[in-house]
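The lines below spell out each chain.
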Amino acid sequence: MAERDQPPLHEIRPTRQLESVPDRFIPQPIVEPGHTFATITDHISSIVLRKKTPLGWYLGFAVSLVGMFVLNLTIGKILFVGVGLWGINHPVGWGFDIINFVWWIGIGHAGTLISAILLLLHQEWRTSINRFAEAMTLFAVASAGLYPALHTGRPWFDYWLFPYPNTMAIWPQFRSPLMWDVFAVSTYATVSLLFWYVGMVPDLATLRDRTKNKFGRFIYGMGALGWRGSAKHWHRYEHAYLLLAGLSTPLVLSVHTIVSFDFAVAQVPGWHATFFPPYFVAGAVVAGFAMVLTLAIPLRKAFKLEGFITTKHLENMGKIMLATGLMVFYSYAVEMFMAYYSGDPFERYTFYTRVTGPYRHYWYMLILCNCLAPNLMWVKRFRTSPMWLFITAQFVNVGMWLERFVIIPESLTRDFLPSSWGTYHGTRWDWGMYLGSIGLFLFLLFLFIRFLPMISIFEMRTMLPEAQAHGEEHS
Amino acid sequence: MMPPTQGTTTPDTTGIARWQMPSLVVGIIGLVACAIGWFLDPTAFFRAYLPGYLFWFEIVVGALGVLMLQYVTGGEWGILIRRPLGAAARTVGWMLVLFLPIALGMHAIYSWTDPNFVAHDKALQLKAGYLNITFFLIRAAFYFFCWILWAWRIRVLSLKFYQDRSPYTALSRQKWAASGLVMITLTLTFTAFDWIMSLEPKWYSTMFGINFFISAGLAAFAFVIFFLTRLADTPAMADILKPMHFRDLGNLMLTFVMLWAYTAFSEFLLIWYANIKEEIPHFLVREAGVWGFIAVLLIVFHFFLPFFMLLMRAIKDRPSTIAVVAVIVLVMRFIGLYWLTEPSYSGVHFHFSWMTLASLVGVGGIWLYAFIGQLKGQTIIPIHETWVEEAVREGALKANA
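Quick note, the sequences are listed as chains E and W, same order. So for the first sequence, the working numbering puts the first residue at 1; every next one is plus one. So for the second sequence, the working numbering puts the first residue at 1001; every next one is plus one.
Quick list of in silico lysine-lysine cross-link-like pairs, DSBU-like style, CA-CA up to 30 angstroms:
#	chain 1	residue 1	chain 2	residue 2
1	E	319	W	1175
2	E	214	E	51
3	W	1160	E	380
4	W	1175	E	380
5	E	319	W	1160
6	E	312	W	1175
7	W	1160	E	312
8	E	301	E	319
Computed beta-carbon distance windows for the label pairs:
#	chain 1	residue 1	chain 2	residue 2	range
9	E	174	W	1328	26 to 36 angstroms
10	E	32	W	1075	22 to 32 angstroms
11	E	156	W	1244	53 to 63 angstroms
12	W	1328	E	38	47 to 57 angstroms
Calculated directly from the structure, the hints in this document are not laboratory data. We put the CB at the ideal spot given by N, CA and C, even for glycine.
Chain E with its partners taken away, still in its complex shape:
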């Protein structure tokens, strides 16, 4: 047993150290050097607690109010007249309403992925973006929810979707994935809301303690649920937060999987493909990260948050956008190949029409936006440049919308029977509803950044080297 005299292998250090590390290989810090516990708390809470609201906020809020006005007008008109205002008709019964539903639900996925999955994977850089990404999830789900609720035609009967004992002998059709959607999306909204709120409790207490406004103290105090920061509170909090992260993780997969079932269980060529579940999930994640970048880049500039949302964060998000973008590219390619390989004339024709038919421009744009543009992220210079990241994210935002257009209404316009072929275009009410839901999203977002801490204060503090020196990580 001569080995026993030697130190254990994992304690051996190299005989030759690198004398100097080239810049490129120095890991980027998660928090910019120079910040202390106090400056983090001051900086983030002052965005909420300062007296004077910046002019830019008013301008942005005004724009979102215009969107809200358009939304209310459209919904009002639809309630009085009906969904015939939209462009849907035979053969396309699912148009903008479902496209936008899927688009918004997809955008929400990044929030859950960042807050739950990256937490479980110990990806600490997520800390400065998780709060507003979660908020984005909630607002995106709210915008998404509008569409199916109105698409039922008689939204005042929407509660019939829930299985409850009633004298009308109405029972939901549980064999339909649309029914599964009701449960998947409502679960998703509930868990996301809880996760977001629970994560915010310690920060609400900070705001309660720091605000000089009596009314604010009352409201934040209510939200903080009597948080005193005792060891017991923290212990319970950590438990609850991890449990919620565990609960949210399967939701990242399940929600968009079930959304994909809405189409894939059908026999329509272009809808029925067995890989739709992972294909849609990848699409959701790329859409979500594009939206997080769309929001994060202007926000960090406007509120001088570069110290918290550093280049490292942007670069990592760019990498995730690249990886998931490539998965989407893979899906388009395999789908196209399989249409050929199936030897099925209907399948083949559907995909042939995508490239050569009346909506071919949508398809070309789609390839540009979702397949080519994200490849910029291979280059470090592009994925560390806020401007290029923002531009790429815009391509993806548009591309993901086009993807749903190409899949959903376009497949319906070329069905099995040439006699039932048709065309589809959104009407002004479709566009009104779409712009309106963007308005709703921005409206909620502007309220959020004015009244709640958009970056988690207490979690950012744990990112400082001082905090890391003490505690070992528990898992």
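Starting from the structure of chain E, add chain W where the hints point.
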């Protein structure tokens, strides 16, 4: 140049090396049995050979994929399994040689190689531009070229890294690995279409490729975990392998088990739900009789049992228990492959030939021989790599302070 302590985790000190010769002997016996089968009934042999080959092939390409994934993400989980993964990936040249019976037996294995059969089917004629013998072989050659190229490049860069310890070498290895992930996703997708899905030439499923490369990753994880558990008790490794390592690897295997179930179930659900004549026969055959029983086995032992076992820390942390999970997964991988391939010939009737077992043992023995051969001449733990990573981290801390 080698620090003295590095010698302690070589295949010789851990006792791995002494398995090399017995593996070769078993492999040769298996291949001799295969040769006898070939003389007795060539058609039956070729068909029996496919699942036996695919089982080991999955581990090899899965190892290459997981190795590249690990170089891209750089997670700490990978340091202990880099060497076995790399050794497994570099045996891909041997898999090319062992592929020869499939190339030679194409007429027996793939019904679309028969012109008379194709002449009576419109759909098969439409895809003859893809499914024909020449193009099939060209594609197979191309896949092997890619796998060998990437396995070789990563090897060369790792050796260079051992010499120069330069972060630039590590970066260039990372770039190869990133492009390699794109390569392996595409090649494995089409391998799955070519080698397995085309057994039923009229059936198609877009999920098939995804499920296949996830299965390969799962097989590779199960194999390296099993491999590490064999080392856990040796004096050379006892100080290094900790419950934490097995827990990390167990979690990753759990992820792959879940992804496998997710893709397999989605594929089944969507085909069952749409119930169209182009797709449903694939599952109708595999639900009938003994195949149906095997399908239930897959649900229970390929998903539920490993899933619940891997949720428990008490099982994940201990080498003796996680080894059981790894073996269950590996056995189910083979049964899964058999369930996928054999019904294409025998239909609803269950059929199992001794030649399948002979191929499994024959290919396996030869492969283990090659694998251990690749492990030799290096330590099992790449200690120098962790040094450099730590050195960079420390350097960075100093720079930031």
